[in-house]
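Participant: Could you put the whole structure together from the sequences, leaning on the hints where they help?
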Amino acid sequence: DARVTQTPRHKVTEMGQEVTMRCQPILGHNTVFWYRQTMMQGLELLAYFRNRAPLDDSGMPKDRFSAEMPDATLATLKIQPSEPRDSAVYFCASGKNYNEQFFGPGTRLTVL
Amino acid sequence: AQKITQTQPGMFVQEKEAVTLDCTYDTSDPSYGLFWYKQPSSGEMIFLIYQGSYDQQNATEGRYSLNFQKARKSANLVISASQLGDSAMYFCAMREEQGRDDKIIFGKGTRLHILP
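Those protein sequences? They're chains A and B, same order as listed. Here the first sequence is numbered in the working numbering, starting from 1 and rising by one per residue. Here the second sequence is numbered in the working numbering, starting from 1001 and rising by one per residue.
Because the hints were derived from the structure by calculation, they are not lab data. Heads up, a few of these hints could be off.
To be verified - Between beta-carbon pairs, the in silico distance windows are: (1) Glu1044/B x Leu74/A: 15 to 25 angstroms; (2) Thr13/A x Pro1030/B: 39 to 49 angstroms; (3) Lys1108/B x Thr13/A: 22 to 32 angstroms; (4) Arg1072/B x Val12/A: 41 to 51 angstroms; (5) Asp71/A x Met1011/B: 35 to 45 angstroms.
We treat Cβ as the ideally placed atom computed from N, Cα and C, and that holds for glycine.
Facilitator: In structure tokens form, the structure reads like this:
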């Protein structure tokens, strides 16, 4: 049963520290998405890739966030430096066809 | 303007009754897709059903069906014979296909409570 995996599942860090979240998309999927979910804003698209190329990262604060896909099996989302307002659940999702998008379990980030 | 509107922040429904969760959308793109996701308290996002704008039939998946009314720009989710395990947050989402974009925009969600 193929699934999107994300690590870590939970992360608590102090303000100013670097945070790296990792995602392994489902094998064969060519699109990868990063979302952030908060109570106030709901689900926000941060960035997405098709065939490892970044297509849109307009939802991402550029000064501190960066998203990359070093290879087809790994996507990363980095925050440096982290701030308390970055506390949220970060989801990765992948898809192969236009009518599907499968989510990972999420990384719950708490920045103190 | 919001692309996806879910007007019901919360709903309470008796077990075994049918449930309709409302979703309206806004797009000028003639080609688009509509999704529904379920998010239980465990936090995962579970894909439920998809409807393409050119699909002739309403999508169905088991107890889930999508009541697609294109002229009214609505894509309501219908859950038949509700179960306690259906209690969760439900999100409607849309993908606009102009420019071969893969972005999916989500609504704010509806929290469904199934009562025993």
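Participant: Hint by hint, work out which the structure violates, then give me just those numbers in ascending order.
Facilitator: none
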